[in-house]
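Student: Residue numbers (numbering that gives the first Met the number 0), protein chains in the order written: chain C, 0 to 330; chain S, 0 to 253.
Simulated from the structure, these hints should not be mistaken for lab results.
A couple of the hints might just be wrong.
[Unchecked claim] Using 20 Å as the maximum straight-line C-alpha spacing, the simulated EDC-like pairs for lysine to aspartate or glutamate come out as follows: (1) K194/C to E122/S; (2) K271/C to D117/S; (3) K194/C to D95/S; (4) K165/S to E2/S; (5) K142/S to E208/C; (6) K271/C to E75/S; (7) K165/S to E75/S; (8) K142/S to D87/S; (9) K194/C to D117/S; (10) K142/S to D13/C.
Bear in mind the structure is a predicted one, so any value in this text is a computation, not a measurement.
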Amino acid sequence: MSPRTRYSLELVLDNLVWFMLVFVLAVFSIFIPNFAQLGIFANIIEASSVLGVMSIGLALVIIAGHMDLSVESVAALSAMAVGIMFCSSGIGLGLQLHPDWLMVPVSLAVALAVGAVIGVINGFLIVRLKMSAFIITLASYIWVRGLVLVVSGGRSAQDLAPAIRWFGIQRLAGLPLTAWIAIGCFVVFSLILAKTPFGRHLVMIGGNETATFRAGIRVNRNLIIAFVLAGAIAGLAGWLLAIRTSGATANLGVGLLFNAFAAVVIGGVSLKGGVGTLPGVYAGVLLLSAINTAINLMGLPANFTQVIHGLLVLAAVLLDAFKQTIRQRLA
Amino acid sequence: MSEPLLVLDNVTKNYGAIQALRGISFSIGRGEVVALLGDNGAGKSTLVKIIAGGLEPTSGRMLFEGKEFLARSPAEAKAAGIETVYQDLSLCTNVDVVANFFMGREITRKVLGVPVLDERAMEAVVGKALANAGTHIPSLRTKVEHLSGGQRQAIELNRFVHWGGKLVLLDEPFAALGVEQTRRGLDMIRQVASQGIGVVIITHIMQQAFQVADRIVVIRQGVVAGDVARNKTSPDAVINMITGETLAGAGPAG
Numbered sequence: 000m001s002p003r004t005r006y007s008l009e010l011v012l013d014n015l016v017w018f019m020l021v022f023v024l025a026v027f028s029i030f031i032p033n034f035a036q037l038g039i040f041a042n043i044i045e046a047s048s049v050l051g052v053m054s055i056g057l058a059l060v061i062i063a064g065h066m067d068l069s070v071e072s073v074a075a076l077s078a079m080a081v082g083i084m085f086c087s088s089g090i091g092l093g094l095q096l097h098p099d100w101l102m103v104p105v106s107l108a109v110a111l112a113v114g115a116v117i118g119v120i121n122g123f124l125i126v127r128l129k130m131s132a133f134i135i136t137l138a139s140y141i142w143v144r145g146l147v148l149v150v151s152g153g154r155s156a157q158d159l160a161p162a163i164r165w166f167g168i169q170r171l172a173g174l175p176l177t178a179w180i181a182i183g184c185f186v187v188f189s190l191i192l193a194k195t196p197f198g199r200h201l202v203m204i205g206g207n208e209t210a211t212f213r214a215g216i217r218v219n220r221n222l223i224i225a226f227v228l229a230g231a232i233a234g235l236a237g238w239l240l241a242i243r244t245s246g247a248t249a250n251l252g253v254g255l256l257f258n259a260f261a262a263v264v265i266g267g268v269s270l271k272g273g274v275g276t277l278p279g280v281y282a283g284v285l286l287l288s289a290i291n292t293a294i295n296l297m298g299l300p301a302n303f304t305q306v307i308h309g310l311l312v313l314a315a316v317l318l319d320a321f322k323q324t325i326r327q328r329l330a
Numbered sequence: 000m001s002e003p004l005l006v007l008d009n010v011t012k013n014y015g016a017i018q019a020l021r022g023i024s025f026s027i028g029r030g031e032v033v034a035l036l037g038d039n040g041a042g043k044s045t046l047v048k049i050i051a052g053g054l055e056p057t058s059g060r061m062l063f064e065g066k067e068f069l070a071r072s073p074a075e076a077k078a079a080g081i082e083t084v085y086q087d088l089s090l091c092t093n094v095d096v097v098a099n100f101f102m103g104r105e106i107t108r109k110v111l112g113v114p115v116l117d118e119r120a121m122e123a124v125v126g127k128a129l130a131n132a133g134t135h136i137p138s139l140r141t142k143v144e145h146l147s148g149g150q151r152q153a154i155e156l157n158r159f160v161h162w163g164g165k166l167v168l169l170d171e172p173f174a175a176l177g178v179e180q181t182r183r184g185l186d187m188i189r190q191v192a193s194q195g196i197g198v199v200i201i202t203h204i205m206q207q208a209f210q211v212a213d214r215i216v217v218i219r220q221g222v223v224a225g226d227v228a229r230n231k232t233s234p235d236a237v238i239n240m241i242t243g244e245t246l247a248g249a250g251p252a253g
């Protein structure tokens, strides 16, 4: 095999999920009336912003060889914190800051801080005390959601301050600013993962933790940073969620975790760690969102979505195994 | 001989009630190749881990370049100039050859104040280092999981030759190598030593020890059972030391 065919084959394998996305969009455009229009595509991107941001944090931790089940609850808690502070009805306190725009950085800082604190707790327990990430973050998934119920008393906050809502309403090139924030996050974290020593170390830790420790990489420090990042990014997802729903309810975001897992796996991230890229994850997120939109447009009952998502995850895992065999032939 | 590079003074290591090392004392000079021999479970790997910063000794002290030395992590040992090649390879198979070569020491350039990997510079260095050592790997961008066992071990060996430092610890480095590659590996060790770097090599193969070492240190049941210059001993005498048929500290035989 000539180096060039080998190179192009590798390129296709590495970006398979993007080809799948294009294929699915093309099929939908042909067979579903009214699918092929800019408004629909913009809607696909818009609807995927919260899930997309959450998937970034989850993907970072999984690529580093661990797991974070708490991201969904963390996002809900951050959204609730923002909702309680800056909503004017329901359980909202209707906090006012002057000038108005000051509420944006303050609410964002609150959301990120809530996420980062839980990330620190997760990271410390998993890395320093060497406990299983699955169990620790499963516990966080439960207790953080419990905390949401406790602080809200099961009630909701509505009417988020207009200065914050602005991000969900103001559009740039047809997309709301919230969607641009998600895209921006993907660009920034893709660069961090692929181009910086920190990102490279995370990938290598996910591949062989012992080797990286022996090579003098500060594994514990890097892993704790990864968990804090996952928490803070989940906090950002919560902030976006609060904007999207103009408030927060006690059961906000339930079920997002499994969609995030699906997106990450479909995007080519291996649950064994060390494999995967963030652009792939974004393609996975868009793929899920495209399928949801298609189901809506076809007028199928929404209950079908879950069946299709499940099958998609299965297909992604099988595809991953298939890719492995092809790669072994290439080598 | 001038001041030794590394001195171990009565180093012990207990795992609970089990004494893995019961007091190890020996020294390594600059440019000297010491073969560390001993039966399975004699404590060789434990000793290497203590010097390399993977384990802390229970008691005893070490002097590195005349100064009190204790590595609490592999990073500290590396910073002091101690490189280690472990028997279970320390490669990340999910990344390419270049990334493995530079693991933890990536070349970066600043872009807007952020350190960014300088892939081109790193690839050039790796290409040169491998070419110098006569190792052929089709593409430096191949993930290590697609390489053969011999190629992987060659990467590890080239890595330590390149980074050098002051002291190199090799824990059974030739386990997966063929005859020709082993010969080249032994040449590499001599070449490294000739640059004034101290080398400790653990091996099970007597022939290798006699081919490459200046001095042979035998460990048995957690103590030094023999410490002799290679040209003053014989394989049979060393085997006796390993199995305990000769008294500890026995000198030249044969």
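Student: Does each hint fit the structure? Answer for all of them.
Tutor: Going through the hints against the structure:
1. K194/C to E122/S: holds, 14 Å
2. K271/C to D117/S: violated, 28 Å
3. K194/C to D95/S: holds, 14 Å
4. K165/S to E2/S: holds, 14 Å
5. K142/S to E208/C: holds, 17 Å
6. K271/C to E75/S: With Cα atoms ~29 Å apart, K271/C and E75/S exceed 20 Å; violated.
7. K165/S to E75/S: holds, 13 Å
8. K142/S to D87/S: holds, 18 Å
9. K194/C to D117/S: Distance ~8 Å between K194/C and D117/S Cα, so the pair holds.
10. K142/S to D13/C: holds, 13 Å
Taken one by one, the earlier hints fail for this structure at numbers 2 and 6, listed in ascending order.
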